[in-house]
Amino acid sequence: MTVLALVLPFAIGAFGVALLLAAYRLLRGPTLPDRILGLDTLYINTMALLVLLGIRFDTALYFEAALVIAMLGFVSTVVLSKFLLRGDIVE
Amino acid sequence: MNALPIWLDVLIAVLIVIGAGFALIGSFGLAKLSDFLKRVHGPTKASTLGVGCVLIASAAYFTAGALSRGEGASVHELMITLFVFLTAPVSAHLLVKAALKLDPTMRPPAPPDDRGQRRSESRPS
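Listed in order, the protein sequences are those of chains A and B.
Taken in order, the first sequence gives residues 1 to 91; the numbers are from the numbering used here.
Taken in order, the second sequence gives residues 1001 to 1125; the numbers are from the numbering used here.
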């Protein structure tokens, strides 16, 4: 049993708890920017969780999913913030 | 899992533990802190440091695996790392701008100047 194999389940569990806390802020958040911030944290933690699962199962398949989540998540955060700023997306 | 040298194994494990700890603390701050401008702090640090550590650990792991098979280094995790490092400050900046637009009273007062006197309130509209 290597150190990495010992540590990985705890790290995946920590990321799961982090996802739950971000989802709590997403559902509960009193203002709209709070909800967008919760969504932002949610996708970034999901990305890291996918990378950890790629190490756990020793496959590079999850990397593409993480890349797509990173790009689409950034675009969605920017678009939602622009919508709050301007009240419109396409100017 | 393929067999790694012990120092690389411990290094990757330490990077993953640091990254998971940062992500957990950042999300806990997001759920726990009281004000939006305070809540922004947690996830922005977590997304750069925590996710950065995890991605570098993944790059080291797959690079070691590829080198043991006689292939080239695996650097595409560094692409996500670079992307996250570039985009996380941008999205946090836009979020704070949107929050200040929705509620301008949230803006903290300006710090006093060198003589310790309050600056006059010249708030941009």
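Check before you lean on any hint, since a few could be wrong.
The calculated DSSO-like cross-link candidates involving lysine-lysine, where the alpha carbons are at most 27 angstroms apart (straight line), are [claimed, not checked]: (1) B/Lys-1101 / A/Lys-82; (2) B/Lys-1038 / B/Lys-1101; (3) B/Lys-1032 / B/Lys-1101; (4) B/Lys-1097 / B/Lys-1032; (5) A/Lys-82 / B/Lys-1097; (6) B/Lys-1045 / A/Lys-82; (7) B/Lys-1038 / A/Lys-82; (8) B/Lys-1045 / B/Lys-1097; (9) B/Lys-1038 / B/Lys-1097; (10) B/Lys-1032 / B/Lys-1045; (11) B/Lys-1045 / B/Lys-1101.
These are calculated hints, taken from the structure and not from any lab test.
To see whether the hints hold, each was checked on the structure:
no.: 1; hint: B/Lys-1101 / A/Lys-82; verdict: holds, 11 angstroms
no.: 2; hint: B/Lys-1038 / B/Lys-1101; verdict: holds, 17 angstroms
no.: 3; hint: B/Lys-1032 / B/Lys-1101; verdict: holds, 24 angstroms
no.: 4; hint: B/Lys-1097 / B/Lys-1032; verdict: holds, 22 angstroms
no.: 5; hint: A/Lys-82 / B/Lys-1097; verdict: holds, 9 angstroms
no.: 6; hint: B/Lys-1045 / A/Lys-82; verdict: holds, 22 angstroms
no.: 7; hint: B/Lys-1038 / A/Lys-82; verdict: holds, 21 angstroms
no.: 8; hint: B/Lys-1045 / B/Lys-1097; verdict: holds, 18 angstroms
no.: 9; hint: B/Lys-1038 / B/Lys-1097; verdict: holds, 14 angstroms
no.: 10; hint: B/Lys-1032 / B/Lys-1045; verdict: holds, 15 angstroms
no.: 11; hint: B/Lys-1045 / B/Lys-1101; verdict: holds, 23 angstroms
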